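Colleague: Whenever a hint applies, use it, and build me the whole structure from the sequences.
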Amino acid sequence: MAFDSLTEKLQSAFKKLRGKGKITEADIREGMREIKLALLEADVNFKVVKDFVAKVTERAVGAEVLESLTPGQQIVKIVHEELTALMGGSNAKINISPKPPTVIMMTGLQGAGKTTTAAKLGGLMKKQGKRPLLVACDVYRPAAALQLEVVGGKLGVPVFKIADSKSPVDISVAAIAHAQKNGNDLVIIDTAGRLHIDEALMAELIAIKSSVPVTETLLVVDAMTGQDAVSVAKSFNEQLALDGVILTKLDGDARGGAALSVRAVTEKPIKFIGTGEKLEDLEPFHPERMARRILGMGDMLTLIEKAEQTFDMKKAEELESKLRKQQFDLNDFLEQFEQMKNLGPLENVLGMLPGVNKKALAGAQLDEKKMGRVGAIIKSMTPKERRNPDIINSSRKRRIAAGSGTQVQDVNALLKQFEQMKVMFKQFGNMKKGGKGKMRFPFA
Amino acid sequence: MVLIMGIFDKIKSGLTKTREQLSARTMDVISLFSKVDEALFEELEEVLIMSDVGFETSGEIIERLRQKAREERIQDGEALKKALQSIIADIMGADEDFAVGTPTVILVIGVNGVGKTTSIGKLAGYFKSQGKKVVLAAADTFRAAAIDQLEIWADRTGADIIKQQEGSDPASVVYDAVSAAKARRADVLICDTAGRLHNKKNLMDELAKINKIIDREFPQAQKEVLLVLDATTGQNALSQAKSFKEAADITGIVLTKLDGTAKGGIVIAIKQEQDIPVRFVGVGEKADDLQPFSPEDYVRALFE
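Chains D and S supply the protein sequences, listed in that same order. So the first sequence is numbered by our numbering: it starts at 1 and just counts up by one. So the second sequence is numbered by our numbering: it starts at 1 and just counts up by one.
Please keep in mind that the hints were generated in silico from the structure rather than gathered at the bench. Source: prediction; values computed, not measured. Hints are supplied without guarantee of correctness; some may be wrong.
No farther apart than 27 Å at their CA atoms in a straight line, the calculated lysine-lysine pairs in the DSSO-like style are these [said to hold, decoys possible]:
1) D:Lys-50 to D:Lys-99
2) S:Lys-201 to S:Lys-133
3) D:Lys-384 to D:Lys-422
4) D:Lys-278 to S:Lys-286
5) S:Lys-81 to D:Lys-47
6) D:Lys-234 to D:Lys-55
7) S:Lys-242 to D:Lys-278
8) D:Lys-234 to D:Lys-50
9) S:Lys-245 to S:Lys-68
10) S:Lys-133 to S:Lys-286
11) D:Lys-278 to S:Lys-271
12) D:Lys-397 to D:Lys-422
13) D:Lys-234 to D:Lys-47
14) D:Lys-181 to D:Lys-209
15) D:Lys-50 to S:Lys-133
16) D:Lys-154 to S:Lys-242
17) S:Lys-286 to D:Lys-166
18) S:Lys-242 to S:Lys-182
19) D:Lys-209 to D:Lys-99
20) S:Lys-209 to S:Lys-223
21) S:Lys-271 to S:Lys-81
22) D:Lys-278 to S:Lys-201
23) D:Lys-154 to D:Lys-166
24) D:Lys-234 to D:Lys-209
Modeller: Printed below as a string of structure tokens:
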């Protein structure tokens, strides 16, 4: 049970509410209990949960909800709004100093992902036309400077270090001078991981801050952090006056309750999220999307944006008209597969859809291999066969299987899948006539 | 006895903050309510949840405490605290030595940033101090400079290291290391692996492959698979333990970063739900800041 995600929990909580025409105060309390449990399982701090639930209950137990026609939806909306508000309004950017260089200092506990994130941020800023300089100030962890050099090298971002210096303050000061001389308008200082209760090491960060003009002090927080996120964030904020937070390892299956906790105690915006091991896997944080994801509305916005970048609208329209006329053939089938591949790993795409839980995704990666095979099979068909799969007899099947390095069974399976898809689209087509909205992206 | 007390003190000092936090709250609770009533149980449950024990396990523990309080007619807070301690100690199991025979292979796994490489360095020092010959396998070939980091630890502790180029196949590094451990008659081979999120299927497959190679190439060795957990991790640790267990049968946990304010209470839930014992705790940055875990001491240190 403890593995249930917040999304699943809330979905089940609201299913109970959705089932009724009108809800009572007792229903709201029951729903709130589920939300409380779900948030706790998502590692939101206990006190933050208490406040949140109280706030939502206050808003929900009132005429606003009870007079509404769809009370369940109304509560979802309130919870979503409050979550969004708690995580901080709109998406926040890095402040750029009017007097270059802009200096960003990365701080956090050991293992939060500071070095990797510093490099990712450098890469992102470089793409935005800045001339970043990475500074290796982790003088404690063995080979930390080397790690920064390697990742910096991969991104083409220069790294400043002083091999025999054990003083992060000296290194920072020298780095700023180096940046000014070399025209670097952005300096990212990577510091050693430290415990928020380690007074000597915290004093070191304060010393860096008072020696160089730091524009942005960022706290890097692991999305898997539990209840302690509150004391860590509070302590770093009190001692260093943070400007923002970066949440890492969001590509894991942690629900990231730490995002709520950290925001609630520091009142500082979460500016970026780390979403993968590759050096470009750093994205701006969108509180509204995160809240949606938490609530099981899926990350539709991100998906739609991604889809819009990837899909050729004209082709989509063509496809739509083909679907309507039920002329969908294997060429279109192949095209759909290719476009889906462009969206990125299947598990990422599916993870963004509402109602899809991680358990259902367990086999998704296997499917990706299958998808490659699908491409090979269709590409081994003649244009005529692709337009009219009905002509594919057993001798053609053998040829196709040989050509694509697969078995006749695979070809059969594909043809069967294609038929099923056609039936499904037929249903979609009928649905559209019923006026249930336009279907633009047939992901299925 | 002296040795045991020494270990106890170490954990205790590492857990000072933990203890202050957790016990201060427990004490507050207990002094606040002179008599044992419903509110007191609720407050105690809150304390457990705030220690990352998790909602479910906390609920179960408090339920057992309620029953015990009824059966034993516990009237005051102090006795209730003792009862709570004994319940948690019971879940964590009896003190048990982590004994390694010759040869032993230890595969060290975990998500990114929990302190695998550092723990391996400390483990190497720990076995070295027992006069054992230690070989390290640098099978984290993914993270930049991970090999160099392990190499520095090998130098510090006087362990041998088997490595290849960054980006090479980790399974092949482990294969080489097993051969080297055999040839050099090493007592302990410790394999570092790249941090991986447990929901990445291809990376977990890679881990299963490494695990299989050890089984196949070194069947005569005692095998231990240690999952490294960061004490600051919350409920996700349950999911980590479950997924990693599927790839390689975990024999124990190394709980790191216990010197912060995090309580690492999730290990109680993991022991309860998946019966995986904690073997070592990391309580600091120095080479000797890794200590064999003693359930008795852990619980005592938590509540003292």
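Colleague: Give a verdict on every hint.
Modeller: Verification of the hints:
1. D:Lys-50 to D:Lys-99: Violated, because 43 Å separates the two Cα atoms, which is more than 27 Å.
2. S:Lys-201 to S:Lys-133: The given pair, whose Cα atoms are some 35 Å apart, is violated under the 27 Å limit.
3. D:Lys-384 to D:Lys-422: Since the Cα atoms of Lys-384 (chain D) and Lys-422 (chain D) sit roughly 18 Å apart, the hinted pair holds (cutoff 27 Å).
4. D:Lys-278 to S:Lys-286: Since the Cα atoms of Lys-278 (chain D) and Lys-286 (chain S) sit roughly 31 Å apart, the hinted pair is violated (cutoff 27 Å).
5. S:Lys-81 to D:Lys-47: holds, 23 Å
6. D:Lys-234 to D:Lys-55: holds, 22 Å
7. S:Lys-242 to D:Lys-278: OK: Lys-242 (chain S) and Lys-278 (chain D) at ~25 Å, within 27 Å.
8. D:Lys-234 to D:Lys-50: Holds - the C-alpha atoms of Lys-50 (chain D) and Lys-234 (chain D) are around 18 Å apart, at most 27 Å.
9. S:Lys-245 to S:Lys-68: The given pair, whose Cα atoms are some 33 Å apart, is violated under the 27 Å limit.
10. S:Lys-133 to S:Lys-286: holds, 21 Å
11. D:Lys-278 to S:Lys-271: Between Lys-278 (chain D) and Lys-271 (chain S) the Cα gap is close to 34 Å, so the pair fails against 27 Å, i.e. violated.
12. D:Lys-397 to D:Lys-422: Holds, because 20 Å separates the two Cα atoms, which is no more than 27 Å.
13. D:Lys-234 to D:Lys-47: holds, 14 Å
14. D:Lys-181 to D:Lys-209: Between Lys-181 (chain D) and Lys-209 (chain D) the Cα gap is close to 21 Å, so the pair holds against 27 Å.
15. D:Lys-50 to S:Lys-133: violated, 53 Å
16. D:Lys-154 to S:Lys-242: violated, 34 Å
17. S:Lys-286 to D:Lys-166: Holds: Lys-286 (chain S) and Lys-166 (chain D) sit about 17 Å apart, inside 27 Å.
18. S:Lys-242 to S:Lys-182: violated, 32 Å
19. D:Lys-209 to D:Lys-99: holds, 17 Å
20. S:Lys-209 to S:Lys-223: holds, 15 Å
21. S:Lys-271 to S:Lys-81: holds, 21 Å
22. D:Lys-278 to S:Lys-201: Given that 27 Å is the threshold and the Cα spacing comes to 16 Å, the pair holds.
23. D:Lys-154 to D:Lys-166: With a Cα-Cα distance of about 26 Å, the restraint between Lys-154 (chain D) and Lys-166 (chain D) holds, given a limit of 27 Å.
24. D:Lys-234 to D:Lys-209: With a Cα-Cα distance of about 18 Å, the restraint between Lys-234 (chain D) and Lys-209 (chain D) holds, given a limit of 27 Å.
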